[in-house]
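Q: In case you want the letters, here they are:
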Amino acid sequence: MSRQQNQNLNVALIREDFPILKRVLRGNRRLVYLDNAATTQKPLSVIDAISNYYKNYNSNIHRGVHQLAEEATIEYESTREKVRKFINARSRDEIVFTRNTTEAINLIAYSWGSRNIGRNDCILITEFEHHSNIVPWQMLAQEKNCKLEYVGMDEGGHFNLAEYQEMINRNKVKLVSVSQMSNVLGTIVPMNRIIKLAHEKGIPVLVDAAQSVPHMAVDVQEMDCEFLAFSAHKMLGPTGVGVLYVKREILMAMRPFLGGGDMIKEVDKYETSYNELPYKFEAGTPNIADVVGFGASIDYLNRIGMPAVRTHEINLVRYAMERMMNIGGITIYGPLQPTARGGVIAFNLGDIHPHDLATIMDDRGIAIRSGHHCAQVLMRRLQVSATSRVSFYIYNNKEEIDLFVQALKDARRLFKI
Amino acid sequence: MSDDIYREIILDHYRNPRNKGKLPGADISTHDSNPLCGDEIDIHMKIQEGKIMDVKFEGRGCAISQASASMLTEMVINKPLTSVKDIDKTDILENIGLTNLGPARVKCALLALKVMKLGMVNYLASNDPVSAKILEDDTRSL
Chain A
1 MSRQQNQNLN VALIREDFPI LKRVLRGNRR LVYLDNAATT QKPLSVIDAI SNYYKNYNSN
61 IHRGVHQLAE EATIEYESTR EKVRKFINAR SRDEIVFTRN TTEAINLIAY SWGSRNIGRN
121 DCILITEFEH HSNIVPWQML AQEKNCKLEY VGMDEGGHFN LAEYQEMINR NKVKLVSVSQ
181 MSNVLGTIVP MNRIIKLAHE KGIPVLVDAA QSVPHMAVDV QEMDCEFLAF SAHKMLGPTG
241 VGVLYVKREI LMAMRPFLGG GDMIKEVDKY ETSYNELPYK FEAGTPNIAD VVGFGASIDY
301 LNRIGMPAVR THEINLVRYA MERMMNIGGI TIYGPLQPTA RGGVIAFNLG DIHPHDLATI
361 MDDRGIAIRS GHHCAQVLMR RLQVSATSRV SFYIYNNKEE IDLFVQALKD ARRLFKI
Chain B
1001 MSDDIYREII LDHYRNPRNK GKLPGADIST HDSNPLCGDE IDIHMKIQEG KIMDVKFEGR
1061 GCAISQASAS MLTEMVINKP LTSVKDIDKT DILENIGLTN LGPARVKCAL LALKVMKLGM
1121 VNYLASNDPV SAKILEDDTR SL
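Protein chains in written order, with the working numbering: chain A, 1 to 417; chain B, 1001 to 1142.
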């Protein structure tokens, strides 16, 4: 398998690498998987890397001196290096493995937030955050008696930069935490600008990159963010692995999140000195097999190239939106320009409830998401209780979008819209 | 095939719900939701000498949850309140004509019944706490 790093993906070839895409569902339907913002499918190379670990060098890492422990440690740590390169961090010390994005954000709230945010301070987020970038800050705000404020969006579903500027001037903001790409609207925010404005006020910024790192080139040094979090399972990797990037000087000053094995240097009866970075933040036996599998998923994306991934998704979004707009009664949420959004389209069709629509889709083998997408604050802002959502990845093609659009027309007919 | 699910009768009750709205002076008012789907149902009932004199529902959600609420109100109006306890899952699914719903969607169909049973339990609890407790356990397991 050799793929040129050009802007056109060979989707037919890519599809061959994903065993699940051959799956036939009930009613003899071929799977059309359009729920990639929730989790992506896994190529055989990732599945094989995990099973190869268990078959050939399953062992605990970092302390054992036998050959298996050595091999497992090398593989585990090589994924850390791949992650460093993938997001262009300065040092591998800045890459901490967590369970997922949610755990990474909670780690920052507990270890950094609890020491650096106090009474009457302000944490600034947006109206379109995922619950994982809302609830940890609500919990911290309640504990510290500090404020939690929301930057809004304009009518087109874009980040409201003017309001943001006004809010960081008015409030004693100690942290800005923003999703780089909304999991509902698809909105891509002007992150460089957001960070620059925050830094002018000395405010650190956390980037929730759960939806961005899997779909576009992200460079932490160029952005200059203090914190960044994302999940392996949304980028071809296994579930149960997340990444937290933290600038070295901040990470060094942070106290550990969890105490236990592997995060220590020396343990005395009443005191412990902590291990060096990043191990200080990885207590206990980590998810070795899945970190190894994650390494294979980064390799896969590198072979394709992130600019090509991004271009492919823009093309699919453009193709899908043009066809969806022609369907009577459809409402599409978020920016209308395909280049201003990720590969995500949230919508409603007439008075059909998203769960009814998802049932109709399911009967045609089409997996879409319906509900509040863990963004109830945004749902209230949009004045809907739920939306349907399709989201694309490297293996999706225009034929699948045609099937989806045909199913939308069927739904219209069934509901007599 | 879900195309069978969205038959005339479901769509009719979804678009033209019966007994939908508020009920001033209701003796029973209960609310519950399905966190998975976000379906919400309120049931209001007026009781006189143990009989359901009037019943209304309010709610929002999918066609299945709203249509089953609408149909349930028609099933119980002018019936003894205690008759609600005898209504079970099969009655509801047969009544709306959907006997082979998947597990995720069955919850949508049964939400209104659950709310109505909880309302009945709370109302009866003042007179007969013991049997109310049994009924409540029964309802929670819906």
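If you are wondering where the hints come from, they were derived from the structure by calculation, not from laboratory data.
Please note that a few of the clues may not be correct.
[Said to hold, decoys possible] Derived, one-sided and incomplete: chain B residues facing chain A with beta-carbon distance under 8 Å: (1) 1003; (2) 1009; (3) 1060; (4) 1087; (5) 1123; (6) 1125.
Beta carbons: idealized from backbone N, C-alpha and C, even for Gly.
Q: Hints first: check each against the structure and report whether it holds.
A: Evaluation of the provided hints:
1. 1003: Constraint on residue 1003(B) satisfied, holds at 6 Å.
2. 1009: 13 Å, violated
3. 1060: 6 Å, holds
4. 1087: With a closest approach of 23 Å, the residue 1087(B) hint is violated.
5. 1123: 29 Å, violated
6. 1125: 31 Å, violated
Checked against the numbered hints given earlier, this structure breaks hints 2, 4, 5, 6; the rest are met.
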